[in-house]
Amino acid sequence: DTAVSQTPKYLVTQMGNDKSIKCEQNLGHDTMYWYKQDSKKFLKIMFSYNNKELIINETVPNRFSPKSPDKAHLNLHINSLELGDSAVYFCASSPEGARAEAFFGQGTRLTVV
Amino acid sequence: AQSVSQHNHHVILSEAASLELGCNYSYGGTVNLFWYVQYPGQHLQLLLKYFSGDPLVKGIKGFEAEFIKSKFSFNLRKPSVQWSDTAEYFCAVNARNAGNNRKLIWGLGTSLAVNP
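Line by line, the protein sequences are chains W and G. With the working numbering, letter number 60 in the first sequence gets 60, and the count goes up by one each step, no holes. With the working numbering, letter number 31 in the second sequence gets 31, and the count goes up by one each step, no holes.
Just so you know, the hints here were simulated from the structure itself, not pulled from any lab data. Just so you know, not all the hints are guaranteed correct.
To be verified - For the chain G half of the interface with chain W, some residues (derived, Cβ under 8 Å), not all of them: (1) Ser18; (2) Glu20; (3) Asn32; (4) His43; (5) Leu44; (6) Phe51; (7) Phe90; (8) Trp106; (9) Val114.
Stated by the list, open to error - A few chain G residues that don't get close to chain W, going by computed Cβ distances all over 10 Å: (10) Gln2; (11) Ser3; (12) Asp54; (13) Glu64; (14) Thr86; (15) Glu88; (16) Pro116.
Because the structure is a prediction, the values reported are computed rather than measured. Glycine included, every Cβ here is placed at the ideal spot set by N, Cα and C.
Build the full structure now, drawing on both the sequences and the hints.
Spelled out as structure tokens, the structure:
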């Protein structure tokens with residue numbers, strides 16, 4: 001069974017559209033994350049949720065809105081997509097604690113045309 | 001502010017060459033350190049981690065890293081690379097942010113290309 005799964009794997013859409021990416025983890029972890037990886041492979045954290053509560057919200061346009069219906073799911077909704085939103089988006093989860101490593105999903109390659 | 005620096009963004013080696021990727025962090029508290037690898041087209045996977053104890057840690061696929069507290073460094077090494085080691089390598093530090101929440105702080109990554 002996949003530990004952290006994201007859907008869809010690829011997403012091509014037009015500017016101005018609204019889209020969502022879903023993430024689910026079956027590891028029983030309390031913390032989930034969304035990361036953005038740009039074309040230069042730079043990895044940047046966007047959001048972190050702990051037990052459905054937002055704990056980290058980096059400088060991200062408010063067109064991006066995470067939603068966590070329960071601690072196993074963290075979805076990312078993006079409004080009014082722009083060309084610059086094209087990237088690979090990774091969901092990750094980790095257990096509690098400073099020693100916790102992050103487990104990553106396979107990524108969603110978003111292309112805005 | 002906490003940060004993680006990876007000195008080389010691109011490294012090109014021939015097979016059998018030795019590898020050392022630098023990682024320095026700025027954080028005064030207790031740190032937990034990680035190296036992740038991202039093979040082409042794949043997600044990030046943990047290579048190795050350091051929490052405490054022996055500062056030389058061994059990971060998967062023959063990789064190791066040495067924590068030097070006085071230098072705030074956690075360099076990744078492999079004595080003899082293979083073509084299959086071609087990947088992006090990310091160093092990360094688990095530290096507390098201004099809101100007292102723990103989070104992973106990432107370096108910008110090093111792209112390693114190994115020529116056969």
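* Hint by hint, which ones does this structure get wrong, listed from lowest number up? -> Failing hints, ascending: 1, 2, 9, 15.
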